[in-house]
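Enquirer: Letter by letter, the chains look like this.
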Amino acid sequence: MTAQPRLAPHSVVSGRVGESVQRPDAVLKVKGDFPYSSDLQVKGMLWGATVRSPHPYARIVSIDTAQALASPGVRAVLTHEDVPGRKVYGLEIPDQPVLAFDVVRYWGESVALVAADHPEQARRAAAKVHVDYQVLVPLTDPEVALTPDAPSLHEGGNITRQVRIRRGDQNAAADVVVIGEYEIGMQDQAPLGPESGLAIPDGEGGVDLYIATQWLHIDREQLAESLALPPDKIRLTLAGVGGAFGAREDLSMQAHACMLALRTGRPVKISYSRPESFVGHVHRHPGRLRYEHGATRDGKLVYVKARILLDGGAYASSSTAVIANACCFAIGPYECPNATIDGWVVYTNNPPCGAMRGFGSVQNCYAHEAQMDKLAAAIGMDPVELRIRNAMKTGSSMVTGQVVEGPVPVAELLRRVRDVPLPPSTTSDPIDLTEMPGGVSNTTHGEAVKRGIGYAVGFKNIGYSEGFNDYSTARVRLSVVGGRPRVEVHTASAEVGQGLVTVQAQIAGTELGVSDVVVLDADTVVGSAGSSSASRQTYITGGAVKAACEAVRERVLGLAQSELGGRHLGDAHGLRLENDAIVSAKGAVVLSLATLLGEEVIEETREFRPRRTSPLDPETGQANAHLQYAFAAHRAVVDVDTELGLVKVVELATAQDVGKAINPQAVEGQLEGGAAQGLGLAVMEEIQVKDGVIRNASFTDYLLPTILDMPPVRMQILELGDPHSPYGLKGVGEPPTISSGPAIIAAIRAATGRPLSRAPVRPHDIVDTGSRGVRS
Amino acid sequence: MKIDCTVNGRSRTVDGLWEGESLLSVLRDRMQLPGSKNACEQGECGSCSVYLDGALVCACLVLGGQANGRTIVTIEGLMSGDALHAVQQAFVEAGAVQCGFCTPGLVVATHDLLNRVPEPSVMQIREALAGNICRCTGYAKIIEAVQLAALRMAVHERTAR
Chain A
1 MTAQPRLAPH
11 SVVSGRVGES
21 VQRPDAVLKV
31 KGDFPYSSDL
41 QVKGMLWGAT
51 VRSPHPYARI
61 VSIDTAQALA
71 SPGVRAVLTH
81 EDVPGRKVYG
91 LEIPDQPVLA
101 FDVVRYWGES
111 VALVAADHPE
121 QARRAAAKVH
131 VDYQVLVPLT
141 DPEVALTPDA
151 PSLHEGGNIT
161 RQVRIRRGDQ
171 NAAADVVVIG
181 EYEIGMQDQA
191 PLGPESGLAI
201 PDGEGGVDLY
211 IATQWLHIDR
221 EQLAESLALP
231 PDKIRLTLAG
241 VGGAFGARED
251 LSMQAHACML
261 ALRTGRPVKI
271 SYSRPESFVG
281 HVHRHPGRLR
291 YEHGATRDGK
301 LVYVKARILL
311 DGGAYASSST
321 AVIANACCFA
331 IGPYECPNAT
341 IDGWVVYTNN
351 PPCGAMRGFG
361 SVQNCYAHEA
371 QMDKLAAAIG
381 MDPVELRIRN
391 AMKTGSSMVT
401 GQVVEGPVPV
411 AELLRRVRDV
421 PLPPSTTSDP
431 IDLTEMPGGV
441 SNTTHGEAVK
451 RGIGYAVGFK
461 NIGYSEGFND
471 YSTARVRLSV
481 VGGRPRVEVH
491 TASAEVGQGL
501 VTVQAQIAGT
511 ELGVSDVVVL
521 DADTVVGSAG
531 SSSASRQTYI
541 TGGAVKAACE
551 AVRERVLGLA
561 QSELGGRHLG
571 DAHGLRLEND
581 AIVSAKGAVV
591 LSLATLLGEE
601 VIEETREFRP
611 RRTSPLDPET
621 GQANAHLQYA
631 FAAHRAVVDV
641 DTELGLVKVV
651 ELATAQDVGK
661 AINPQAVEGQ
671 LEGGAAQGLG
681 LAVMEEIQVK
691 DGVIRNASFT
701 DYLLPTILDM
711 PPVRMQILEL
721 GDPHSPYGLK
731 GVGEPPTISS
741 GPAIIAAIRA
751 ATGRPLSRAP
761 VRPHDIVDTG
771 SRGVRS
Chain B
1 MKIDCTVNGR
11 SRTVDGLWEG
21 ESLLSVLRDR
31 MQLPGSKNAC
41 EQGECGSCSV
51 YLDGALVCAC
61 LVLGGQANGR
71 TIVTIEGLMS
81 GDALHAVQQA
91 FVEAGAVQCG
101 FCTPGLVVAT
111 HDLLNRVPEP
121 SVMQIREALA
131 GNICRCTGYA
141 KIIEAVQLAA
151 LRMAVHERTA
161 R
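Protein chains in written order, with my numbering: chain A, 1 to 776; chain B, 1 to 161.
Extracted from the complex, chain A is given alone in its bound form (with noise of 0.2 Å):
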């Protein structure tokens, strides 16, 4: 038995599907007291640190790391040749280096490690290896990546993927065209939780690995091909994780800490610094679009055409699929007949690029919805008026062909959101100077401020697409403790601050009637649960949940059955499990959970699958490509400083079809934190890169909304039942961070009767800055 670090307590959930229940892990939290990835320690504990390029692209000539060794307190010193198995691993492609060996394509790569007893003595160890690099010109812009005399950062290529989706008639004409070319800059997911985890040496050539991450078993699956060791010689345990958005999808620093502990036989943790974890997880993929959208004069969509192009950076991690989003969702949730799109992306010498919150649907609906108010224009029409004219409804066709089924509501979610009040104007006398563009910094006194209203409306997939193989795994196990029916539900997916642990609770009280429910910590003891992204959890590992529950169910019953021997109530199959008993049909108490199970423990294991999705057809994107579909529309209210360029967002008002709340206020809690994240890259988050390197890997540098920035969101929650997922439910998670930002854009448009093209919008896109200006 090796030593093991504290984690967290198993608290009992008390409630039902639909009901607002606490968090089991809120009261850890507000006391401080939750073991989060990065608090882990055990005795005789070392830190890892990582030696990371300097350079963008470079070749590695030689890595000297006799000084680095022979620093005080310094345990190991790893390079490629100590990766024990593939020196490569990735998502989709396996074309990331553990460690960077002949060449590094971005900067800040991982191309060496140092264990020490001290944090502080790792890193400056670290900074003792030395690397010679012959360093190379940096591949930075997608567009040269693209063509054809670009030199290949890769072999075979380029272009990551390409996709084509061809509609209806390609040569379609039209009363009305309208042509835009957007830009959108690269957002950090900036969890607040950094990267960070604890290996342990067993003593007999494995490793226990505690870490925070969205997909246990897809780490093990990257961590056996690259320790080359058999999976279950690595046994995963979800640590606390502050936060994921993406950023915790591809392997960070799990293989690193599993080679030095493995290589020291000491347990070793490795916790990164927020400029390091900027470099340490892939990004949203900046993007550059380009969209034709043809009409009617009463603006009826004849065609779109649109060419994106997304920035992949140097590795592959989820491109393939990230591309293959903002393709399908290219033309937002609108009905048209003709579509011509063509996407790809492109392996760079900039920071990777991969799964953020939205995952492709974010960029492409800044630029479909920009041309949608540019069509309401040219036509005459009021934008919400022509959205509603487009809007999908059930039985709908996507570009892909794809018939969207259950309710589909687009043209109820704008007129919802048109139809909330507006929020009381700001420039009333005498001024409140927390209210303007500017807050107390005192830049105006309202001169200048232009108030605008803007709408959007987006919509993307929710789970795993294009017949990847979607499923989770739940074991249930029902027994008497303290002479009280408890149910434990243990499964493998990755609680990242969504509150999936609540969810889970909540169907297994639901379908067992008990009180006492704990979720065991997550671990790979049990079967995969895929990973906590595509807003899948609650759908798919919640359908895992609910089915090992029925099958306990239907045991219990049957022990009930044969228990009462039909005396009492002929029928058994009118008994039902609520209140921690057997009761009748009419709710009467027949038999106590309690009494009937005495000693004995009933558990089940099931998988949940949903239908099957299939791949794309490369030459037209003709495919039923996508499980489920989610639907949010935002109105943005903006006060903006036409002389300064300074943005107040006033108010977010927001509808959105949950398909059935399984706990409204971590729905809420969705809505208002996935639109803050929306609003971020609509007004301020931007990596910003310059000739391949990061200038502002910090938070004082990268800028987050704050709680001065984020208005209050109002909202209307719709629960339309899906007629295929458990209870109705539909994903909740990214639709939020969808459209709240394109909506904030149109707003400052409204504003200063700019055309602003590219997100994040930036002061000096408001306002004219002349030659004196800043430019980036």
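What the hints contain is simulated information worked out from the structure, not anything from laboratory work.
Check each hint, because a few of them may be wrong.
[Unchecked claim] Just some of the chain A residues that point at chain B, by a computed CB distance under 10 Å: (1) 672; (2) 705; (3) 710.
No residue lacks a Cβ here, since even glycine has one placed at the ideal position from N, Cα and C.
Starting from the known structure of chain A, arrange chain B on it as the hints suggest.
Expert: Only chain B this time, still in chain A's reference frame:
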């Protein structure tokens, strides 16, 4: 380096400190008080907010050596016995906690605000908590939590008199 200080009412001595070590590292790595969080270590996010001689500070911006002879109260020191403080309870009930990494800092900052301004307006709440970044909640439920805590503390104050 050796320091003596009072942390959450207990006197503590730490020896063998590295001169560049922050108070945050001392609390987290040497005193087994990891409640103060290491999110930016640059004074921007407020996740490591603690009281230093009664003043709200970011522990990441204070050198360990500066804590010598001082009194520190961390998130771990806000409980009254086994009971949650009203601020902590309100954060739980209002749904102001998601991933929770910002929560300890926000709880300490809110505790400080309500000590100074027992019935803050929404704008006073926003100004007071502007140094605490939350990436999950969008802040609405944090504002609700502060208002709920203020209300309960005011009622408690009145009944106590």
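Enquirer: Hints numbered earlier in the text: which of these fail when held up against the supplied structure?
Expert: none
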